[in-house]
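Full structure from sequences and hints, please.
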Amino acid sequence: MGDLWRSLVRVTSFSGKELRETLRRPGMLFALVLGPFLIMLIFGLGYTGHRQPFATEIVIPPGSTLPRDPEFYQELAPGRIAVTAVTDDRDAALQRLEELDIDLVVVAPEDAIEQLRAGEQAEIVVAWNQVDPVYDGLARLAVSTMVSALNAEIIRQAAAEGIDLAASELGPRVENLSADVIAEPTTAETENVAPTEPSVLNFFGPAVLALVIQHLAVTLSALSMVRERLSGQVDLFRVAPVNAIEVLTGKYVAFALLSLFVTAVVGALMIFVLEVPLLSGYLTAMLIVLLLTFAALGVGLLISLVADSERMAVQLSMLVLLASVFFSGFVLPVQDFIGPVQYLSYALPVTHGIATLQDAMLRGTLTDPWMLAALAGIGVVLYLASLLRMRAILRGAT
Amino acid sequence: MHSAALVTTTPAGTDPVIALSGVARRFNGLWAVRDVSMVVPAGSILGLIGPSGSGKTTTVRMLTGTLRPTHGEVRVLGEDPQRFSVRTRERIAYMPQLFSLYPDLTARENVGFVAALYGISWFGRGSRIQRALTLVDLWEARNRRASDLSGGMQRRLELACAIVHDPQVLFIDEPTAGVDPMLRRAIWDELRGMRDEGRTLLVTTQYVAEAEYCDRVALLADGHLIALDAPAQLRRSVYGGDVLQVVAEQPIDPQLVADVAEVIAVQQPEARRLIVTATQAGTATPRLSEAFRAAGVELVSIEEYQPSFDDVFTELVRRQRAAREEAEASADG
Chain A
1 MGDLWRSLVR VTSFSGKELR ETLRRPGMLF ALVLGPFLIM LIFGLGYTGH RQPFATEIVI
61 PPGSTLPRDP EFYQELAPGR IAVTAVTDDR DAALQRLEEL DIDLVVVAPE DAIEQLRAGE
121 QAEIVVAWNQ VDPVYDGLAR LAVSTMVSAL NAEIIRQAAA EGIDLAASEL GPRVENLSAD
181 VIAEPTTAET ENVAPTEPSV LNFFGPAVLA LVIQHLAVTL SALSMVRERL SGQVDLFRVA
241 PVNAIEVLTG KYVAFALLSL FVTAVVGALM IFVLEVPLLS GYLTAMLIVL LLTFAALGVG
301 LLISLVADSE RMAVQLSMLV LLASVFFSGF VLPVQDFIGP VQYLSYALPV THGIATLQDA
361 MLRGTLTDPW MLAALAGIGV VLYLASLLRM RAILRGAT
Chain B
399 MHSAALVTTT PAGTDPVIAL SGVARRFNGL WAVRDVSMVV PAGSILGLIG PSGSGKTTTV
459 RMLTGTLRPT HGEVRVLGED PQRFSVRTRE RIAYMPQLFS LYPDLTAREN VGFVAALYGI
519 SWFGRGSRIQ RALTLVDLWE ARNRRASDLS GGMQRRLELA CAIVHDPQVL FIDEPTAGVD
579 PMLRRAIWDE LRGMRDEGRT LLVTTQYVAE AEYCDRVALL ADGHLIALDA PAQLRRSVYG
639 GDVLQVVAEQ PIDPQLVADV AEVIAVQQPE ARRLIVTATQ AGTATPRLSE AFRAAGVELV
699 SIEEYQPSFD DVFTELVRRQ RAAREEAEAS ADG
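Going down the list, the sequences are from chains A and B. The C-terminal residue of the first sequence carries number 398 in my numbering, and the numbering is unbroken. The C-terminal residue of the second sequence carries number 731 in my numbering, and the numbering is unbroken.
Think of the hints as simulated: they come from the structure by calculation, not from any bench. The C-beta atom is built at its ideal place from N, Cα and C for all residues, glycine as well. It is possible that part of the hints are untrue.
Derived, one-sided and incomplete: chain A residues facing chain B with beta-carbon distance under 10 Å [claimed, not checked]:
#  : residue
1  : Thr12
2  : Lys17
3  : Glu189
4  : Glu228
5  : Gly232
6  : Gln233
7  : Leu236
8  : Phe237
9  : Arg238
10 : Val239
11 : Ala240
12 : Pro241
13 : Glu246
14 : Thr249
15 : Leu388
16 : Arg391
Have a look at this one:
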């Protein structure tokens, strides 16, 4: 009992020391608490989620029967394009595209209806000038939408002409025919059955929270041990009756308390001020946060045990952050990566944190419960790795 | 072996608290410590003295278990430092050479942290912290951050950390490095106070004059243990006997004392002053007085002379190097 009590005292010595040292830097703590919330607030308020429509010029060749009113074409792909002009000067339009004055040029066929009558496909030429793959994809989508609408319009015109002709020859049998139905025989009734309304703030809120938890835990813990190793404090630990489990557990407890405190504050602001929903209830969210914190502290402590300078510890922490932004599903879906890269994604605690927190908060249920086990597994593996390294540092005389 | 002859035994019936036998340590092919053997009895201060790079810190680190000897045997409280039990660790304190406390914590919190490291619970900690800080005269500064303390206060704070768990054995590496002379004296007073309470201390220092404060002194040079004895005995070993200083009213002829039976050697640094080495100061003093009176020389004083330890150390190193060169020359020949 005496040994256990002493061990507990030693664990708390590290926890207390780490807490005191962190609290002695109020600026850092302030930044830790308010910083993430402010970033999220600015992101939520400042990012509309609506991309600017592509500035588009429509080229209608001189002999075409297609309308020349910009409003007509604006309606073909509302929100995706902004028709700046309807012109018959193809070369001038392409020149403006070349100079990036406009984003899209759509060249209508010279006489689409005539070609349709002749049983030929008319050609719509669409040109854009994008190097950004995201915008390239969006441009293709806008073009696809617009071309479909334009096709429908051409069919509508041809069908209307045909119906008039047929009506004069066949009488009432074609009275129920409609050019609109022929051009677009189906319409879509859409419904998003997700339990929460999709919004930028709602979707990215849990992701930002997960990223903040991981980054906070990694940053706090990454510097702790490397500083003690470099400034000689570890020599005291080597001589003192303290073992690796006590040192590690003390640090885990301290940083977990700090991380959970900051998470609680940021989470409360997110839920009560920014009104991000929490459908699963607090227990599930707390479980996810605990597991994510445990795994992330393992990353930070392992960094602090292998880094040979504070600079290296900071660099490794930043690498983890960079990898987390790119591969965690924060920006791009994990499924969009090739298989081997997905392994890297799933090795990051935040990947599981983002997915489970988004599920818990926005859907109220976990679609991939195995991710909780993955978080626990990552945490245990990193704890054991840190323990081995710490043991080597403390008792492995050189 | 040179160092083997230096091994001293502890007083009868007491086990040595610290013992090294043929200990050596090599770094990248270079010997930092070579063939050091010595024992430190309980309740004494052993000063490990030598210039920078002489192997003092390496020796201390082998004693605390943070360095493994390349060969030889180390024992502290009867245990191999590589396999110290928790109980033995609780009886040991180590004060490293470099400042190794937490600058953002107050003096009190730093001492409290180390106390907790040694398993001292919250209930008994307060009084121990107060006692340790009071002993090093830092109680008034207990709420100041370590980073706000002067260099000397930081060293004293480290000393307070080292003693807060009431250790039996203390390894203190360069406690007076970079500390002003007044404070150095105060620190040594504290160390001697701990010795008087029955603790065993091994203290390293590069200030040779601090040998005076130790019960025994181990002189290290180039990794070799070149002397191990009480400070007074070290002086005797260098000069071959007791040293007396004779000052007269008029110039003295050194030949006047040459016939005194106890006299071993005579030096004359000044015309009116002689430095006389004698087998026994007690018997030589009246005979020297008699010889001067007989020659009509009026004496100002005749007293025991304490050569500085800088001189003692320099002479010992000179002899050791000469002996080594001689040994190498004869080996080559």
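Violating hint indices (sorted, rising): Violated hints: 3, 14, 15 and 16; rest satisfied.
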